[in-house]
Every structure is written in C-alpha cells, then in structure tokens.
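A.B. asks: As a plain string of letters, each chain reads:
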Amino acid sequence: MDDPLLIAPCNALVNHTKPQPFELSFYTSSCQSCKKLYLYPSFCLMHSNRKIVHIDMDAFFASVEQLDDPTLRGKPLIVGGSPDSRGVVAACSYEARKFGIHSAMSAAKAARLCPHAIFTRPRMSRYREVSAQIMEIFHEYTDLIEPLSVDEAFLDLTVNTFCEPSASILANKIRRDIFSRTGLTASAGVSCNKFLAKVATDINKPNGITVIPPHLVLDFLGRLPIGKFYGVGSATEKKMERIGVKNGSDLRRFTREELVFHFGKSGKFFFDICRGEDPRPVESSSVRKSIGSETTLSEDILEMEIIHQILEQQADSVAHSLARRNFGGYTLTLKVRYHDFTTITRSATMKSPLFSSEDIMLCLPRLLAATEAGQRKVRLLGITVSTLFTKNTTPIQLRLPFTMEYTDNW
Amino acid sequence: MPLQCTVAKNAFLDGLNSLQNITNKKGTMAILSNVLIEAQGNGLVLTGTDLEVGLRLFVPADIASSGNITLPSKKIFEIVRESGSESVTIEETENSWVVITAGHSTYNLAGMANDEYPEFPEYEDDNFVSFESHIFLDLIDKVIFSIASEQENIYSLTSVLFEKEKKEDGNYLRMISSDGHRLSIMEKDVAGEIDNLRLNPVTLIPKKGIQEWKKFCESRDSVEISFEEKQMVVRDNQAVMVIRLKQGEFPQYRAIVNAVQLENCARINRIPFLESLKRINLFTEDIFHTIQLKIDNDKMTLTSQNADLGNAKDVQPIEYTGTPLTLGFNCRYFLETLQVMECETVEAYINSNNSPCLIQSDVDKGFISIIMPMQL
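Protein chains in written order, with our numbering: chain A, 879 to 1288; chain V, 215 to 590.
These are computed hints drawn from the structure, not numbers from a lab.
Predicted, not measured: the structure shown is a model, and the values here were computed from it.
Among these hints, one or two may not hold up.
[As the list claims (entries may be wrong)] For each label pair, taking beta carbons as the anchor points, the in silico distance ranges come out as: (1) V:Q461 <-> A:M1002: 23 to 29 Å; (2) A:S1144 <-> V:N231: 55 to 61 Å; (3) A:T949 <-> V:W311: 28 to 34 Å; (4) V:N231 <-> A:D1080: 48 to 54 Å; (5) A:P993 <-> V:E377: 40 to 46 Å; (6) V:P332 <-> A:P1043: 52 to 58 Å; (7) V:E333 <-> A:M1002: 31 to 37 Å; (8) V:W311 <-> A:S984: 22 to 28 Å; (9) V:R546 <-> A:S984: 32 to 38 Å; (10) V:K508 <-> A:T949: 54 to 60 Å; (11) V:T515 <-> A:T949: 55 to 61 Å.
Glycine is no exception: its CB is placed at the ideal position from the N, C-alpha and C atoms.
Please take these sequences and the hints and turn them into a complete structure.
C.D. replies: Structure representation (structure tokens):
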C-alpha cells in the first residue's frame, strides 16, 4: 500500500466524467485492494457527510530552508526582507515565533525582537518544487484537490483511492507521506466542509491534526470567535461586535433577513456558515498545467550515457507534445527515482521559454547535476515542462546554441 | 581593553566606502552587515565579508588603546560621510557600544562583539603575480554586462570564466561571460608571468566577485593576484580581497565562435548606430526591448513598436552587399556591446535571422561579442 507504484495504475482510473444530459454526473473511483470501480452521483459530494481535509504545511518556507541547510535547523530563521530594509517577514521558523515574530511583521521589528535571528531571502522556485512533490502525494489519494497556495490545499476525500472511510486516518497517512518523502511536517484539519476544515487546521498547529466530526460542528461553531469565521475580516468583525456578535452562537440568534440587512449578500452566507453549512465544493482546476514524460527503466541504471539517452528521448517527446498543442513553457522539472524508491525532483524556471528538445536539453544538465544520478542507481526518470503559455506573436529571444560535453561531472 | 582611536575622516571614509557593497548584502547573518574594526599598532584594519567576497584593508590611525569591535557598516559610513570635521574619534564603552566624536557632534552607536565575526579566509603567500590594474579593468568592462543574473538557470553562467593562454606572440588573459542569449569574450596580452597563476581547469569567478575586483582596481595602479583551488586573492600593500570561486562547468563557448561564418559582413559606424539604437529604444516594449533590423544594400532600417505608445523608425547608411535580411534583436544587447567598444566602425557578421550575430572590430583587439537574434 505504501508503494507509490501500486497506486499509480489504480489512480489512472479515477476521473470525473463530464456532466451528462440529465445534469447527473458521476464521480468514479477505483478501490486499491479490490480494483472495483465505484460510481458516486456528484450530488453526494455536496452532502453534509462529505469528508473534507485541509492540509497546511508548517512554517513552509522556513522549514524548506532548514531542510536544505542543516546549519539553520533549531535556529530562529526568518524568510523575507532584510532587516535593514522595509521588507516584511514572509515566514519564520517556530524557533523565531518564540520571540513573538510572525509573518507580515516588518523585518526590522523581527530583528529587534530576536537580534540573532538568521535572515534569508525566499527561494520561490525551490518552494514550488517541494509543493509539486506534495501535490503529487495528494494525487495518490484523490483528484479532487484545490490548492490554495504553494503550501496549502483542500482535498475532498469522500471518495478516495484507498476506499478508506475514515478521513482522519487518511489525513494522518497524508501527513506521514509528506514527512517521509519531503522531510517536512504538515498540519491537517478534517471536517465536513471547507470552512470547518480550514479552521480546524490551525487548532493543533504545528504537526497536528484536528477533527471536527459532524455531531460536534454546532457546538464548535457556537464557541468559535467571530473573527475566525470565513469572510469576517477586521472591518466585518467590528461591525459584528457592534451588533453584539462575539461568536457563532451569537450569530445564530439572527434571522437570515436580519443578517442580509446588516451585511448584504454575505449575510446569507453567514447565516448558513454559523450552522455548519458551507456547500462550496472542492474545485480542482482542469486547465492543463504541465506536459511531461516519465519512464521507469527496465533495470536500475548507473551509466550517465544511458541516462542522457533516455532524457533526450523524453525531451523529444515533451517537445513534440508542446509543439502539437502550440505551447511553450518556462519551468523545467526533472524527476529522478533512485533504486530504493526515494524520489526527488529538481526544477528551474527560465527567462526565455522552452519549445524544442534542444531548449530542454540545454537546461537539463544543471538540474541533473543537482541529483545523485551517476552515483546512485536510477530507477525512473521524468521531464516535465510547466508554466505553460500558448505561442502567439510575441517575439522570442533565441538561445545561443551551446552544447555541453556530457562528462561524468555535468 | 576598550578600543580608542582617532582616524582621518577621508581615509576612513574611503575604507568604509570600499566595504559597502560587501557588507550591505541582503539576507545574511546580522553580524555580516557590520564591519570589523581592529585597532592596533599604527592604524585600523577594517574587514567586511558576505562569505563570498571578503575584503580587509588598512587605514592609518592614532591608536590610544588597541581593541576590536564590529559596527553597523552602513551607519558608521554615513556618520563619517556626514561629519564636518577632519578626523573622527571612536571610543568603546560598555557592552560593545561606542562613542563617536566628530567635531562638535557626538554619537552613541551600538556595535556587536567581534567574537561572532567570521574568520577571514587564509591564503597562501606564494604565487602572487603583479599586473597593472587597467588590464583587469579592461577585461572586466568588456564582459561584465552579459553575466547572467541569479535567476538565469543555465549552467554556471552567473560567473565569468577566466582563462590564461600562452600563444606564440605572448601571454594572454581572457574573460568570457554569457547569459545564454549573448556571449562576450575579451582577451589581452599581458607582460606578467602567467605561469604562476594556478588556474583550475575551469575557473569561475562569481558576478559579485567580478564587481568587487573591478572596484578594487579602480583606485589602484597595480594589483597582485593569485589563484587557489577554491578562491582567488587580489591585494596590494594596503588591502587584500578574497573571492570564493564557483565550482562547475562553463559551456563550450569556442564552438559557437567557430560556428559563425565570417563572410556576410555589415560595416556600421559605431557612434551613429549607438545613437540610432537609443532613439529606437524609446519605443520598445519593456521586457525584451525588441527592435527590427532590416539590412539591404548599404542601408539599415531600425524599427520598434510599442503597443501603448506607437512606433519609431530610423535609417542608417552602412556598408553591406550581401543578401537582404530582416532580423529581430533585443536592442539593449546591441547598446551594451557598442558602448564598451572604442572603434569607429564595427563589423557585424550576420548570416540569418536565427543564427548568432558576431560583432568585432580591428581597434577593439581581443573583443568579440555574439548576440542571438529574436524570432519576430
């Protein structure tokens, strides 16, 4: 079950069928163990016994930095602007939070609160790379994923590839998968809609999980401070306080009409949400985001020459797909799975777009050099081009036709 | 012992000024935005480092009491710059605070103890070779503009490749830079004994190091340099700079140079061309600065188009007899190349609208610039 390869073929069967003429669509899923295909009418997904999981990485940027540079571990680390600029803290490690530092605080103030804090600039491309790895894990569970940012996503696990009815078991398994494959911790919130799942995540952060089962929803919301409600910012919060609403149970005393009178359209939403009703579906965008090719090798390979040959074939095939769709892409990702199944990805975003296999091959050496290919036996190789755009009349800066000698140390 | 010294304003200001780029790097350990001041003997030794480039320099001073301290580099620089007096006195008080007196002004400035300041890298004393500074200034000026920025992701292009070569007619030093779209090569014959320069098979000097090396040379007539496996050292008798070298490969640039056929040549007056490009650039789009270059029978027509503004057109007489060509280019690439050249007439070898264009001249000895066109 832990073997990601076992999941892959099964996963391929999971898809959403297009809405049928009768407006009744089906969500299909295949079971991990019995290989049976299940059909669920799509209205099931809107029902209150949905199983929605919200996953949020803990201090994501800072944790990635600490992961990549062991000397930063256990130290107050601030990712963001420099302390002598007007920059702000984008993220900070939990060690830094002990000093009262939080994100969006000015970097200068953070430096005052903790003079020995280490400041570093964000490396978005690296975070996106890790994010892609995490998304890949999510996809092993369901295709109903709604990413909110690089480090946060909603998953609808009502139907999942493991046929596991307990969302909390799944959420914990996802957190374990994330930790074992990336070395990073995540927190999870489990409940029956998006709003509750997201609120729940914050409760046992970091590295924790909170489950709000349906029978406790009303109780939970009753005690939830009004500021924590979805759609309640500081302005609305003040307005709420003025009409005497401090928490969910205060809000429930108002009729739908009264709330609409006070808050306009959002009033209806507040009326529902304080009763635990948030019908918003988990929406995975269906726009094509990447084009890739990957190959599991017939035997584990150490020779760089062969690796190079395979990558060249893959580059050809990716370039072909790009050309067929009239796409170009700015981001190149190389995936390497070693013989022991540990999988890594290395990616880079270019200034000028990639179209041809030459473009791809030119940018690959640097990514490959960041792997242990050639030192560790390789089991699987993959190339993906993302940040796609449709070719139009924009002029394109051509690259110098550099060739590299493919020596062992490239 | 608390540090206490008096230092001439101008000498101190010069010293601190040379450290500003190194110490004001964003996003490093807090201590690295400080300069280390060591007072001993007959002067101060100032040290700054961003762990990639380290600079240590001597400033004569009256030392009443020797000692070490680190002070915020930018702040102490500003204090000295704004002071109206001939000299500045620094006196350490408690907890790494200092009192700075300059004429009628007094400042209390918080420093940090020097024990957390990183050790200055050690280097070998042999193998230094002396060169006149203008050699490096010339080499650097001709390639610095086409070094890839940190975001570029091809190979080790964020560094300059440094090479030496013994030819029949003399000894040569060479710098090569490329951002993947253009390539600049500059070589110079030098009098110095290059045998003692122990270069790696691939010697890559990062952009920051190149910038600081240039700055170092600008205020000096001659400098000594030496290379070790992981670092290079530039020094004179007052200052020493250690630059960490980048490890990696550099693309086979010679293959590109050799691939350009030196046949289809347009001879263009450099200054009028430069001025024309500046005019045309007024109407290019911001990111790519795309211009269209049409060459046909002793005439070159430059045009640019901006969706919001309108368009521009400029005509230049040139010497050209080859087949008519229409090419797209990043205007900035041409501007930057022509700006560092000194000749009256440039030779531009253009073979097609998707092959590299090579620019050189008889006067600009050792310099080659290659620019890839844009596909319009």
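A.B. asks: State for each hint whether it applies.
C.D. replies: The hints, checked one at a time:
1. V:Q461 <-> A:M1002: 23 to 29 Å: 24 Å, holds
2. A:S1144 <-> V:N231: 55 to 61 Å: Holds, at about 57 Å.
3. A:T949 <-> V:W311: 28 to 34 Å: 30 Å, holds
4. V:N231 <-> A:D1080: 48 to 54 Å: Between N231 of chain V and D1080 of chain A, where Cβ atoms are some 49 Å apart, the hint holds.
5. A:P993 <-> V:E377: 40 to 46 Å: For E377 of chain V against P993 of chain A, whose Cβ atoms are near 45 Å apart, the range 40 to 46 Å holds.
6. V:P332 <-> A:P1043: 52 to 58 Å: With Cβ atoms ~57 Å apart, the hint holds.
7. V:E333 <-> A:M1002: 31 to 37 Å: The hint (31 to 37 Å, Cβ to Cβ) holds, given that E333 of chain V and M1002 of chain A are roughly 33 Å apart.
8. V:W311 <-> A:S984: 22 to 28 Å: For S984 of chain A against W311 of chain V, whose Cβ atoms are near 24 Å apart, the range 22 to 28 Å holds.
9. V:R546 <-> A:S984: 32 to 38 Å: Holds: the Cβ-Cβ distance is about 35 Å, inside 32 to 38 Å.
10. V:K508 <-> A:T949: 54 to 60 Å: The hinted range 54 to 60 Å holds for K508 of chain V and T949 of chain A, with Cβ atoms some 57 Å apart.
11. V:T515 <-> A:T949: 55 to 61 Å: 58 Å, holds
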